Structures are given as structure tokens and as C-alpha cells.
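Throw the hints in and build the complete structure from the sequences for me.
Protein chains in written order, with this note's numbering: chain A, 1 to 279; chain B, 1 to 264.
Simulated from the structure, these hints should not be mistaken for laboratory data.
Because the structure is a prediction, the values reported are computed rather than measured.
No residue lacks a Cβ here, since even glycine has one placed at the ideal position from N, Cα and C.
Mixed in with the good hints, there may be bad ones.
To be verified - Below 20 Å or equal to it, Euclidean Cα-Cα: the simulated DMTMM-like pairs (lysine to aspartate or glutamate) are:
1. A:K175 with B:E224
2. A:K175 with B:D207
3. A:K254 with B:D258
4. A:K159 with A:E28
5. A:K175 with A:E127
6. A:K254 with A:D228
7. A:K159 with A:D102
8. A:K186 with A:E30
9. A:K116 with A:E127
10. B:K26 with B:E3
11. A:K116 with A:D102
12. A:K159 with A:E120
13. A:K186 with A:E127
14. B:K174 with B:D197
15. A:K175 with B:E209
16. A:K175 with B:D222
17. A:K254 with B:E261
18. A:K254 with A:E271
As the list claims (entries may be wrong) - Pulled a few chain A residues facing chain B out of the computed Cβ check, cut under 8 Å:
19. S37
20. G39
21. Q146
22. P174
23. G240
24. S242
25. P244
26. R245
27. L249
28. E252
29. R256
30. E271
31. V274
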Amino acid sequence: MIRLHNLNFKYRGATDFALADMNLEIGEGEFVGVIGSSGAGKTTLTYALNGVVPHYYGGDFYGRAEVNGLDTIEAGPAKLSEIVGSVFQDIDGQMVASIVEDELLFGLENFGVPRKEIGERLAMALETLGISDLRDRAIATLSGGQKQKVAIAAIVALKPRVLVLDEPTGELDPKSSVQVFEMLKKLNEDFGMTVVVVEQKIMLLCEYVRRLIVMGGGRALLDGTVRDVLQNAEALGAAGVSVPRVTSLAVELKRRGLYAGSYPASVPEAERMVREVLA
Amino acid sequence: MIEFQNASFNYAGEQAVRDVSFRLEKGEFAAVIGENGAGKTTVAKLCNGLLKPTAGTVCVNGMDTRTTRASRIARSVGILFQNPDMQICQNTIREEILFGLQYTMDDPAERARRCDEVLCEFGFDGGRNPFSTSRGERQRIALASLMACRPEVLILDEPTTGLDYRECMEVMEKIRLSNERGATVMMVSHDMEIVQDFARRVLVVADGELIGDGPTGEIMTDVELLSRASVAPAQIPALALRFGDMFPGVFTVRQMADAIERRL
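Here it is as C-alpha cells:
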């Protein structure tokens, strides 16, 4: 579904490459998390997938990026938007309407969705995000978290095959963050949508995604299942990425010579580790 | 010092904060937690007079926010908004830091000296346009501008939102340092790990009401209270709970490791 081959990109006027020899293959139906420190190239990666780079943000672009067999240079953002739905980091920059319903209608109407289908899609998207009660609300009166959900709902209504999200839970509380990831899981499992999500909350990624990519210096430093990536706790630290507290506990127990097993990613796994240590 | 006495606030008829009372002493470091829309940001804005209580009173450093101009309160109470772009208004980082200082320091030479100190402390290039920097950098610029004025009270609304782990730790260490120098800190946060690592007291807000107030360890291990506020406990307290009474009051990695080691 997504293939990046030796992709390099440098923003106009920048001195360093934001993406440097990036190679990546993501199959249809994968649920992939991307993490890394600021400047690692995460947002540029999302731009490369939806054609914003290099069509909107110009610069030096070498290599090849393909989405669903389309070369992103040839296809351009408009064509790619039929396949890739994007939720940007700055949701205020994404909103175009003043009422929630209008925000969702904007995309549906511009995509030429048949009139009889629009109502159903609108209701589905609002319900999936749990915001049906916000349908008639003015966007200006919503909290940051509510606005984030509206931005995602507007994209979900378009039923893209690939969903690319840049820090979608940035302004959400833990409960709402979990709701968003539950929704992404549902879109991935029930609708077969390929999901690529950039996220700083490592614990959410550990719980939901099946593949984790750690970026640094414009390339993938680590790429594998969550469990495999967490075994490199020291490398994660060096990349400026936090590890879950239960993983830190394992690191501390290992330092004290009390534990020699694998690193846990979740509380249930940590419970097994502690019982093993105490046995 | 911050004191809420039965304070309430309505946004156009909608009650955002209801009958809240608490007192924060000088030098405390308190976190305000709760789900989106619980009223946390309203509590923060009531502290510096940006919002005036529609019932009850809010006093900060002895000033009643209903009768004191917000500009007067701002001389000793600094606020960091959730979105730094709501705060930054100058074309260079130096001008941004000097902007706040012109209202709190009279001597231009002294202002310039303080500005240089802060630029050095945060490692900024003063001539750079703040809007050409990353979100994390802009958050640090907003914080630097605030700290340059050395406010007695720091109100921080989600200071680590959008920051990566490294930036997050940098920002929090600056806040910790400011608290150690005597500033009273009230921080709104969704990040339970940050709360448990830095705050010594936690206020729990739900539906505009204060439903919990106590030492961090006590609140972070009170699952029933956190559940009422729709807040999930952080990983280590959640892990400790799986062992019943075996690890009472444990909520940090080191405490957990120590407790496990003691049981061996």
C-alpha cells in the first residue's frame, strides 16, 4: 500500500534533510505507530504520504514515494486525497466551517459523495467518534479535545483507504485519547483501513499498534513489533523517546540484578514480570 | 498564595466551575487533573483575573481578582497557555522576552541584562523569529518569556502538550527549578506520569466541581476518585493495585523497585 524507496527531502532554505534515505513498506491493513523526538522527520513522513511534500512544501526531493501504486510526484495531493485521509497536527488549520455538521459536509460534498449517502456517512462518522451530540455546535465553542474529534470525524466520513494522523491525541485527556485509539482500531479491524499514526504517547502505541517505527535523523532507527522495539530500551532513550513506566521498572530491576527477562509493554505483562521476580 | 472561596464561573449561562474552594500556599506545586471540559482551564484563568468569578471569590497574593485589574495581577502571576501561539506576539525571541519585561521592570538596562540571562539559560538565538521554530520550541519561548518576569505564581495550562519526551523533561525541569526558587506552581495536566513526577499536591476536577484534593501519592492511588474524574491511573499505581495491599502508596518506578527488593 505504501512504499518509500531511498526517499530524501530537504525543505527549501533548510540546511538538513528532514527525510534521509528513508525506506519503508507498509502493507494494506497494517496499524503502524511512528514515534521519535522533534525534528526526527515524523511530520515530514506524513507529508510525503499525502503529497503535501513536495507539492505544497517545496524543496529537494529525491527517491520515490508510492501510495497504492501511485507515484506521489505524479499523482499530487488532490488525487492522493482520494486514498489517503490526513489529520494534521494543527487542527485549527484544518477546520474550514463554523458548525460541526458543515465541517463534515465540506469534505463529503467536495468528494462528490451521492446525496443519499451523505446523511448516513455523516451519522456514522459522528457516532464512531462519539460526538453525535456535537452535530449542531459551533466549532468555536468546542474544547481542544472535541475539536480534535471533529477533525478526525471529517476525514473518517470520507472513508479513505489509508488514514494518516499526526499526533491526534495531542490535546486530549487520557480517556479521550483511548477513545481515539479505540476508534482507529475499529477502523483498522472492521473496515480494513491502513492506519499510520504519529504519536508521542508511547503507552497508547504499545497498547494499540501492531508495528512501531522509531524515527531519528529523517530515517527509521527501529522498526518492528512493539515487543521487539521495546527490547531496545537504551536505543529508545538515545533517540529521545520515553519508554512506558513498566518498561522503566524492568530496566531498574535489571540494573539491580533482580530480573533478566524481556521488557514488558503493558501493566498485565508487568504483573507477570513482578510475580516472576517475587516467586 | 491562591485562595478560591466558593468560586463559580458561567460561560454564557453554562456553568464551567461550581462552588470551588481551596487554598494554595506560597511555594506549593499543585496539579489540576480531570477530563476535557471538566473546568481545569477555567480554574487556571480564574487565578490570574483573565476570568472573574461569577460567584464567590478568588484571591491571588492578597489581590481580589474581581476588583483588581488583570494587568496588575499579571505583575506577579504568570500564565502559560495551552497553545503558545496564543501568547507569542513578537518577531524575534529577544523582543518576545523583552515584551513581558517592559511591564515588570522599569530600567531598560536591567531588562536587557535579564533578557540575555534568559536567552542564555534556555539556549535561544535571540534574533530568530519564534514562528519559524517547532511547536516544542515555541512552548519553551513562551515559558522563557514568562519566567523572565520571575512571577511569584506560575499558572501552567498543559505545559507539555505537543512536546516530545526530551523537550517535555527540559520544560518540566525549568518549572521545577522555578518552584525550588520559591514560585508557587499550579499546573493543569493530562499527563499522569508528569503529575506524579513533579507535583506534590493534586486537585481533581469533574463537571466543574473540585472532587479531590490531597498529596500526589494519595490521589494517584485513589482509583475510585480518579475513576469519578474519568482519569485512568498511571502505570505504576495500576500495577501496584494488581497486588492488593502488597505495595501500598507506591506510585513511582523507584518506589516500586525498592518495594519489590524489600520483599525478596
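To see whether the hints hold, each was checked on the structure:
no.	hint	in the structure
1	A:K175 with B:E224	holds, 15 Å
2	A:K175 with B:D207	holds, 15 Å
3	A:K254 with B:D258	holds, 13 Å
4	A:K159 with A:E28	holds, 15 Å
5	A:K175 with A:E127	holds, 17 Å
6	A:K254 with A:D228	holds, 18 Å
7	A:K159 with A:D102	holds, 17 Å
8	A:K186 with A:E30	holds, 12 Å
9	A:K116 with A:E127	holds, 18 Å
10	B:K26 with B:E3	holds, 11 Å
11	A:K116 with A:D102	holds, 16 Å
12	A:K159 with A:E120	holds, 12 Å
13	A:K186 with A:E127	holds, 12 Å
14	B:K174 with B:D197	holds, 14 Å
15	A:K175 with B:E209	holds, 18 Å
16	A:K175 with B:D222	holds, 17 Å
17	A:K254 with B:E261	holds, 12 Å
18	A:K254 with A:E271	holds, 16 Å
19	S37	holds, 4 Å
20	G39	holds, 7 Å
21	Q146	holds, 7 Å
22	P174	holds, 5 Å
23	G240	holds, 4 Å
24	S242	holds, 4 Å
25	P244	holds, 6 Å
26	R245	holds, 4 Å
27	L249	holds, 5 Å
28	E252	holds, 4 Å
29	R256	holds, 6 Å
30	E271	holds, 5 Å
31	V274	holds, 6 Å
Checked against the numbered hints above, the structure breaks none of them.
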